[in-house]
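Peer 1: These are the residues of each chain, in order.
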Amino acid sequence: MKYKSVLDTIGNTPLIEVPRLSPTEGVRLWVKLEGENPTGSVKDRIALAMIESAEASGELTKDKIVLEPTSGNTGIALAMVTKIRGYRFTAVLPDNASAERVQLLKAYGAEVIFSEGAKGTNGSVALAQEVAQDERYYMPFQYGNPANVEAHYRGTGQEIIDDLPEVKAFVAGLGTGGTLTGTGKRLKEHDPSIKVVAAEPELGELVYGLRSLEDGYIPPIFDPDILDGKVKVKARDSIVWTKALLEREGIFAGISSGAVIWVAQRVGERLARDGGGGDVVCLLPDGGWKYLSTEAWTEDLDTAETQVEETLWW
Amino acid sequence: MAVEVRIPTVFRKFTGGESVVELEAGTISDLIDQLEARFPGLKEQLLTEEGELHRFVNVYVNDEDARYLEKLETKVAEGETVAILPSVAGG
Chain D
10 MKYKSVLDTI GNTPLIEVPR LSPTEGVRLW VKLEGENPTG SVKDRIALAM IESAEASGEL
70 TKDKIVLEPT SGNTGIALAM VTKIRGYRFT AVLPDNASAE RVQLLKAYGA EVIFSEGAKG
130 TNGSVALAQE VAQDERYYMP FQYGNPANVE AHYRGTGQEI IDDLPEVKAF VAGLGTGGTL
190 TGTGKRLKEH DPSIKVVAAE PELGELVYGL RSLEDGYIPP IFDPDILDGK VKVKARDSIV
250 WTKALLEREG IFAGISSGAV IWVAQRVGER LARDGGGGDV VCLLPDGGWK YLSTEAWTED
310 LDTAETQVEE TLWW
Chain Y
4 MAVEVRIPTV FRKFTGGESV VELEAGTISD LIDQLEARFP GLKEQLLTEE GELHRFVNVY
64 VNDEDARYLE KLETKVAEGE TVAILPSVAG G
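These protein sequence lines are chains D and Y, in that order. Residue numbers for the first sequence follow this note's numbering, so the first one is 10 and each next one is one higher. Residue numbers for the second sequence follow this note's numbering, so the first one is 4 and each next one is one higher.
For the record, the hints were derived by calculation from the structure and aren't laboratory data. Values in this document were obtained by computation on a predicted structure and should not be read as measured data. A virtual CB, placed ideally from N, CA and C, is assigned to each residue, including glycine. Hints are supplied without guarantee of correctness; some may be wrong.
The calculated DSSO-like cross-link candidates involving lysine-lysine, where the alpha carbons are at most 27 Å apart (straight line), are [said to hold, decoys possible]:
| hint | chain 1 | residue 1 | chain 2 | residue 2 |
| --- | --- | --- | --- | --- |
| 1 | D | Lys71 | D | Lys13 |
| 2 | D | Lys92 | D | Lys13 |
| 3 | D | Lys71 | D | Lys115 |
| 4 | Y | Lys16 | D | Lys128 |
| 5 | D | Lys92 | D | Lys71 |
| 6 | D | Lys115 | D | Lys92 |
| 7 | Y | Lys16 | D | Lys197 |
| 8 | Y | Lys46 | Y | Lys78 |
| 9 | D | Lys243 | Y | Lys74 |
| 10 | D | Lys92 | D | Lys11 |
| 11 | Y | Lys16 | D | Lys243 |
| 12 | Y | Lys16 | Y | Lys74 |
| 13 | Y | Lys16 | Y | Lys46 |
| 14 | Y | Lys74 | Y | Lys46 |
| 15 | D | Lys128 | Y | Lys78 |
| 16 | Y | Lys46 | D | Lys194 |
| 17 | D | Lys243 | Y | Lys78 |
| 18 | D | Lys115 | D | Lys73 |
| 19 | D | Lys92 | D | Lys73 |
| 20 | D | Lys115 | D | Lys13 |
Here's a subset of chain Y near chain D, in silico, CB distances under 7 Å, partners left out [as the list claims (entries may be wrong)]:
| hint | residue |
| --- | --- |
| 21 | Glu39 |
| 22 | Phe42 |
| 23 | Glu55 |
| 24 | Asp66 |
| 25 | Tyr71 |
| 26 | Ser90 |
Every beta carbon over 10 Å from chain Y, so not counted as near; a handful from chain D, in silico [claimed, not checked]:
| hint | residue |
| --- | --- |
| 27 | Thr33 |
| 28 | Glu34 |
| 29 | Leu236 |
Just chain Y, with the same shape it has in the complex (with noise of 0.2 Å):
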């Protein structure tokens, strides 16, 4: 039933440290609900007043940055894995 979700260092003040919490499939906007309901203020870091991603955050399913899938709306399924990730540069 469920969904592994990592959360980045800088946002696990929220999760109270935890690094890996397990949510119920469905798209990324539902899951950033499920976030949000259970560590509360979360949603904000991710989102923009606007409703879409904050442009220095990733979120990848299985290793695919949503923002080249459906964004928001990329369903993910039981067993699938989504990491937030901030943005990095190299070079």
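Isolated chain D, as found in the complex (with noise of 0.2 Å):
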């Protein structure tokens, strides 16, 4: 296929049947691959939709340095999509993520500002808010832009429908709720009985623990309403499920992969007991190139999850 820019190549991902990882007959399994985006991760089709639609609005001009709190998939397409349109760009990133994002970050010349890991994704925001206050600044905002939202409903939500109408459920990753309020809506809208349900990490006792409930974050784009369930999944089921991945069907995809796997089993073995099975698709957000110093595929279990909770992972 042909293609005038990388940028053209973000979205229309393939979705692939796992029928090795299905827990139980009746019910099939299928994984939109993410990690088939230009950067490899999900986050491609946000970081062009917020770029675009902050030019479009005009808020956007070539004198702003674009700044943006990430975990890292955010801050590597936005810092992709930066460069091809001409700004430079800023990511806020918690000291603790994998040493993959932040070389990724600075191969596409982003500038790298590091916020206390201890304080997650959360004190991510709180420092770039901080330095946004300079007006040299614009920050696309992932947790607050609509054009997250809409790039789910407009892409993922749609990409789904066209590829398997007869969809009874759908599984992915709690973040910024945005592939789950914009895909979600989408599917709904197509079929209300679908099933929206979220997968969300069980973060490391380090993370919560220098925490206060005031530090609690709840982004402003995400609509709770839209989830018909929301399951919590330790780092040690993330690695066995992105192992399982792997071993059982050649898909090597990053950890919070497997988490959605694990949750895709329950909800399948619902569907099963409820309706007679069906077709559940899993949103797999990125490969597992960035997860490799975990050693989440090298080592025993133990060492795995250690070293898993150690980094962010979300």
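Combine the two chains into a complex, taking the hints into account.
Peer 2: Put into structure tokens, the structure is as follows:
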């Protein structure tokens, strides 16, 4: 296929059946491989959508520096899009994000400001909001930008309906809430009986430990009412199912993908019990490349668990 | 007879540092009352004045967010686990 720009290759990701991961007879599991986007994650969709909408509204002009708080993937995607569109870019990143993420950001020419790792993504949000007081910056702010939801409504959701109109359930990770809110809304317009279920990380004690409740953060774009369920997943279960994806189906995906597959097992069992089964779509947000340093695939489970918990895997 | 309730670090100052508390089976509402009886002050951290779960507090029954089950009326049976966690964002 021919393209005029790498930006034209964003979206229209493959939807692949994974029969060896089906929890029970009559339930077909499908994975949507967002790692096939140009920077290797689902975030290319929203990076392009947010920059285009800010250009269209006039908020983003060539003299501005784009600034964004991110645990990595959104930053890498914005670094690519801003490079092509001719803007400078600064990412605010927790200092425990994996080494590969920092290297990728720098490779794309981004500047990196580190926030305190123990405060997680919430800490990056707070620091970025402070820095963005300076009017030289334009902050797309994925947590509050409707273009994030819109990209999934028009893109991800529509693609699933085009490829698999009989879909019965959709499972994705809960980060900004953009994927679940946008895709979920489009799917429920198509068929209100489609179940939309979130996988949520159970982070290490350290991440929660240093927080007070006032540090709690619910992204403004996330619509909790779109969900039919939310399931928390331990790092260990995520690693087990991330490895199962590779071992049983040859799919090399990031750690949070394992959490999505784990939740899809429960969703699939419930579908089989309540209504004779059906098709479950799992959104796998990125490939495994950026997580190799956690040794999730090469070390024993205990070591891998410790190393994943020490990094920011969500 | 017991239900295991995991207490997050932010609330352990109420539980004398205990991270896991064993309670009698019942609804989440019942469990919160039992917590309050043992550790006064904890209830108002979890519930709003209107008696709803605080928006930054997630209660999970066997890993499922109770907001999508029967909320505070979700029944917790013997041997099931309850976890209370603050909400977090990713991305």
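Peer 1: All the hints need checking, so say for each whether the structure fits it.
Peer 2: Status of each hint after checking the structure:
1. Note on Lys71 (chain D) and Lys13 (chain D): the hinted pairing holds, with a Cα-Cα distance of about 22 Å set against a maximum of 27 Å.
2. The hinted pair formed by Lys92 (chain D) and Lys13 (chain D) meets the criterion: a straight-line CA distance of about 16 Å does not exceed 27 Å.
3. Straight-line distance between C-alpha atoms of Lys71 (chain D) and Lys115 (chain D) comes to about 21 Å, which keeps the hinted pair within the 27 Å bound.
4. Of the pairs offered as hints, the one joining Lys16 (chain Y) and Lys128 (chain D) holds, with about 20 Å between alpha carbons and a cut-off of 27 Å not exceeded.
5. As the CA atoms of Lys92 (chain D) and Lys71 (chain D) are separated by approximately 12 Å, the hinted pair is consistent with the 27 Å bound.
6. A hinted pair counts as satisfied when its Cα atoms are at most 27 Å apart, and Lys115 (chain D) with Lys92 (chain D) qualifies at roughly 12 Å.
7. With a C-alpha separation of about 43 Å, the suggested pairing of Lys16 (chain Y) with Lys197 (chain D) is violated against the 27 Å cut-off.
8. Taken as a hint, the Lys46 (chain Y) and Lys78 (chain Y) pair is honoured in the structure, with Cα atoms around 18 Å apart against an allowance of 27 Å.
9. Restraint check for Lys243 (chain D) and Lys74 (chain Y): the C-alpha separation of about 22 Å stays at or below 27 Å, so the hint holds.
10. Pair hint Lys92 (chain D) plus Lys11 (chain D) holds up; C-alpha atoms about 21 Å apart against a cutoff of 27 Å.
11. A distance of roughly 25 Å separates the Cα atoms of Lys16 (chain Y) and Lys243 (chain D); the hinted pair therefore holds under the 27 Å criterion.
12. The hinted pair formed by Lys16 (chain Y) and Lys74 (chain Y) meets the criterion: a straight-line CA distance of about 25 Å does not exceed 27 Å.
13. In summary, the hint linking Lys16 (chain Y) to Lys46 (chain Y) is supported, as the alpha carbons are separated by about 13 Å, within the 27 Å threshold.
14. Proximity of Lys74 (chain Y) to Lys46 (chain Y) is assessed by CA-CA distance (about 16 Å); at most 27 Å being required, the pair is judged to hold.
15. Proximity of Lys128 (chain D) to Lys78 (chain Y) is assessed by CA-CA distance (about 33 Å); at most 27 Å being required, the pair is judged violated.
16. A threshold of 27 Å between alpha carbons decides the hint, and for Lys46 (chain Y) with Lys194 (chain D) the separation of about 35 Å lies outside it, so the pair is violated.
17. Simply put, Lys243 (chain D) and Lys78 (chain Y) have alpha-carbon atoms about 23 Å apart, close enough for the 27 Å limit, and the pair holds.
18. Restraint check for Lys115 (chain D) and Lys73 (chain D): the C-alpha separation of about 19 Å stays at or below 27 Å, so the hint holds.
19. The suggested pairing of Lys92 (chain D) with Lys73 (chain D) holds, with an alpha-carbon distance near 13 Å, which does not exceed 27 Å.
20. With a CA separation close to 25 Å, the supplied pair Lys115 (chain D) and Lys13 (chain D) stays within the 27 Å bound.
21. The beta carbon of Glu39 (chain Y) comes no nearer than 17 Å to any beta carbon in chain D, farther than 7 Å, and the hint placing it at the interface is violated.
22. For Phe42 (chain Y), the interface hint is violated, the least distance from its beta-carbon to any beta-carbon of chain D being 16 Å, above 7 Å.
23. Interface hint status for Glu55 (chain Y): violated, as the beta-carbon distance to the closest one in chain D is roughly 13 Å, over 7 Å.
24. At a threshold of 7 Å, the smallest CB-CB gap from Asp66 (chain Y) to chain D is about 5 Å, leaving the interface hint in force.
25. A least Cβ separation of about 5 Å between Tyr71 (chain Y) and chain D falls short of the 7 Å threshold, and the interface hint therefore holds.
26. Contact between Ser90 (chain Y) and chain D, as hinted, is supported at the beta carbon level, the nearest pair being about 5 Å apart and thus within 7 Å.
27. Listed as a non-interface residue, Thr33 (chain D) keeps its Cβ farther than 10 Å from every Cβ of chain Y; the least gap is roughly 19 Å.
28. Against chain Y, the non-interface label of Glu34 (chain D) holds: every CB pair exceeds 10 Å, the least being about 24 Å.
29. A Cβ of chain Y approaches the Cβ of Leu236 (chain D) within 10 Å, the least distance being about 6 Å, so the stated non-interface status is violated.
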